[in-house]
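K.L.:
Okay, here's what each chain looks like letter by letter:
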Amino acid sequence: MGKFEPVLTRNVGVPHSTDLKVYELRGGYRGVRKALKMTPEELIDEVKDANLRGRGGAGFPAGVKWSFLPKDRTTTYLCVNADESEPPTFCNRVLMEHDPHQLVEGIIIAAYATQSQVAYIYLRGEFHEQFHVLQKAVDEAYASGYLGQGVFGSDYSLDVYLHRGAGAYVCGEETGLIESLEGKRGWPRIKPPFPAIEGLFRKPTVVNNVETLSCLPHIIERGASWFTSIGPPHSAGPKLFCISGPVNRPGCYEETMEITVRELIERDDLGGGMLPGKKVKGVLPGGASMGALTADELDMKMDFDDPRKYGLLGLGTAAAVVFDEDTDIRLVLRNLARFYGTESCGQCTQCREGTSWMYKIALRIEEGAGRLEDLDILLETARNMGMMPGLSICGLPDGATYPIETIVKKFRSELEAAIRAQPPGRAQEMLRVLN
Amino acid sequence: MAWKTINRQESVVDADAPSALSEAVREKIRSFFPRYETKRAVLLPALWIVQNTNGHVSHQAMVEIADLLEIHPSDVLDTLSFYTHFWTHPKGKKVVTVCRSLSCELMGGADVLAEVKKQLGIDEHGTSADGQYSLVTEECLACCDHAPCMIINEKTHKHLRPADVAGILADESNDRLAIPRSDLFDAPLGAVEGSGESASVDRVIGSTSDVDEMRDAD
Ligand SMILES: Cc1cc2nc3c(=O)[nH]c(=O)nc-3n(C[C@H](O)[C@H](O)[C@H](O)COP(=O)(O)O)c2cc1C
Ligand code: SF4
Ligand code: FES
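Chains A and B supply the protein sequences, listed in that same order. According to the numbering used here, the first sequence is numbered sequentially starting from 1. According to the numbering used here, the second sequence is numbered sequentially starting from 1.
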């Protein structure tokens with residue numbers, strides 16, 4: 001197999017890659033010109049043929065999502081999900097920082113295919129630099145006639161606005177994002193109706209991730225069969241992978257979904273191996289919410305299917321964080337549990353209470369006041385709060401349970417040993433103090 | 001720890017006080033109206049605009065925003081209180097946001113946070129006595145490849161070591177971006193003289209996390 005040539009990140013590292021001129025000189029805005037000569041239906045079919053699966057976490061095919069829009073609609077909105085709040089994910093940030101015009105081009109293609117009049121880019125509040133880079137790109141595109149009235153001289157018009165969030169993980173969930181855009185708290189909506197039927201301002205709406213949209217110019221320019229020729233059958237196309245933690249080359253890398261977790265960590269052109277003297281204890285390979293792997297499970301493929309075989313929720317954001325042998329597993333458990341405890345939006349009782357119970361228990365275990373039965377209580381809580389049994393409005397509690405459950409199950413002996421090593425009476429003493 | 005309670009006996013909004021929103025701020029907020037189907041959707045931009053010029057969003061400002069967007073003041077508070085970036089009381093000129101998520105903690109983020117606390121003499125959610133800095137922690141800042149990291153107002157500081165912290169905090173321009181800014185939003189410079197709002201930070205608010213509480217319980 002020949003060496004994979006990066007597509008999405010081909011402009012990363014090129015001087016002035018954020019300038020419209022540089023982007024065009026390097027072949028940019030060709031896909032959209034071609035797209036505008038096709039009909040929206042042809043475009044949707046092309047993206048369906050490419051089987052472009054959403055890169056935001058759920059992996060739902062973009063073309064299929066677009067075809068759910070009602071035929072008789074008059075107004076359509078496109079929302080670009082640039083909330084990127086899943087720890088430890090940062091690939092959308094890299095795309096926006098280095099190649100904002102690729103995203104703008106993808107937005108125009110998706111907006112035309114869905115016949116949207118307005119596209120909103122929902123950026124998380126912490127993205128300051130990225131906001132200014134992207135706003136400048138949008139301004140440039142307007143000035144060149146690529147946005148606004150009659151884009152590229154066609155009779156199709158599109159406005160693109162940036163909208164800044166203000167610190168809430170749940171606003172990355174598509175209906176939380178929509179509520180937030182409407183000026184409300186980011187409380188996810190009960191579905192159905194799905195956004196394609198009733199979304200932003202109660203109008204048909206499509207929500208797509210930054211990386212998903214950035215794939216579009218290339219699919220249109222090179223064709224669906226080019227896209228499906230890359231990577232394994234159900235996980236086609238180039239993909240960005242993040243790696244962080246104690247490795248030599250933390251960063252965002254583009255590869256096919258054929259790579260394994262081990263390659264992502266070890267390969268010289270990817271993670272570059274562990275820092276000197278460090279050994280892998282475990283990995284969260286798909287963002288925090290997908291669950292953990294042990295050092296024995298590193299042969300998992302980073303595609304849409306393989307993670308399920310290892311007890312994980314899915315590929316997620318394909319962002320791996322490695323923890324090493326010197327890291328106390330109790331710290332990992334507590335850090336993850338706190339994240340969901342503070343980020344649950346509080347609408348659903350079992351998610352609000354469950355995530356904060358898990359945090360309190362994990363914190364107590366870390367502080368050396370755990371009880372052996374706490375591990376079963378964690379598992380029982382995890383089993384009873386997710387969307388899978390149909391109890392919750394959004395997917396956050398599923399994302400909360402997978403890391404907790406997999407860590408408790410896969411690292412149970414270490415947790416039990418730590419609890420057994422506590423001074424006798426410590427747990428009872430702490431419970432008395434806390435209650 | 002110096003706790004100050006908020007006086008809830010008197011009305012939080014003084015009808016005779018000067019307006020919290022200058023005409024320029026109002027105009028800036030109105031310029032967002034054509035972008036959305038409803039005026040309410042302008043609420044997050046409006047809160048950013050007000051906070052960037054006044055340093056925080058007072059109750060008085062909330063009432064005036066509500067008036068401008070034709071919604072109820074409680075709708076403004078309802079939305080504002082959901083998001084962690086908005087302040088309802090004066091904060092420091094610069095807000096230091098330290099990442100506390102997993103990649104940063106694995107790479108030494110807790111030591112960096114401890115050093116920031118020590119240098120500024122404040123705890124999380126506190127504001128330094130000179131009104132220069134407030135300190136908060138946030139979950140993953142999407143910058144884990146440069147862990148551990150923190151943001152000061154708009155600028156991200158990467159690959160931090162505790163030894164770097166004092167130098168960074170002493171640097172005047174530690175909150176400025178090196179790239180050209182869009183003028184859609186002003187830089188968050190905290191309290192600005194001349195706005196109708198009392199922007200002085202007259203209290204030091206201390207706070208402890210549950211972790212500290214547990215450790216102190218020994
Ligand atoms: C709690 C939660 C947080 C989410 N955060 C994000 C996010 O930050 N960015 C993102 O693109 N998708 C996020 N998603 C997934 C979105 O709901 C949605 O599936 C995605 O934006 C669809 O885009 P795609 O089909 O292009 O992947 C989140 C989902 C949940 C349940
Ligand atoms: S499941 Fe949790 S995060 Fe999602 S809507 Fe319910 S309470 Fe909010
Ligand atoms: S964990 Fe700190 S930036 Fe992601």
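No lab work stands behind these hints: they were computed from the structure. The beta-carbon is built from N, C-alpha and C at its ideal position, and this holds for glycine as well. Careful: at least some of the hints might be erroneous.
Said to hold, decoys possible - Mimicking BS3-like on lysine-lysine, the simulated pairs with C-alpha atoms at most 25 Å apart in a straight line are:
1) A:Lys278 to B:Lys158
2) B:Lys117 to A:Lys136
3) A:Lys136 to B:Lys158
As the list claims (entries may be wrong) - One side only, chain A facing chain B, incomplete, derived with CB under 10 Å:
4) Tyr29
5) Phe68
6) Asp72
K.L.:
If you draw a straight line from the CA of B:Lys117 to the CA of A:Lys136, is it 25 Å or shorter?
P.N.:
At roughly 36 Å apart (the allowed maximum being 25 Å), A:Lys136 and B:Lys117 break the hint.
K.L.:
Decide if the proposed pair is consistent with the structure: A:Lys278 and B:Lys158, CA atoms, cutoff 25 Å inclusive.
P.N.:
holds, 22 Å
K.L.:
If you draw a straight line from the CA of A:Lys136 to the CA of B:Lys158, is it 25 Å or shorter?
P.N.:
holds, 24 Å
K.L.:
Does the interface hint hold: is A:Tyr29 within less than 10 Å of chain B, judged Cβ to Cβ?
P.N.:
This hint is violated: A:Tyr29 lies away from chain B, its Cβ roughly 21 Å from the closest one there, beyond 10 Å.
K.L.:
Checking hints one by one. Is A:Phe68 an interface residue toward chain B, by the C-beta closer than 10 Å rule?
P.N.:
violated, 21 Å
K.L.:
Closer than 10 Å between Cβ atoms is the bar; does A:Asp72 clear it against chain B? Give me holds or violated.
P.N.:
Status violated, d = 19 Å.
Going down the numbered hints, you'll see the structure goes against 2, 4, 5 and 6, while the others check out.
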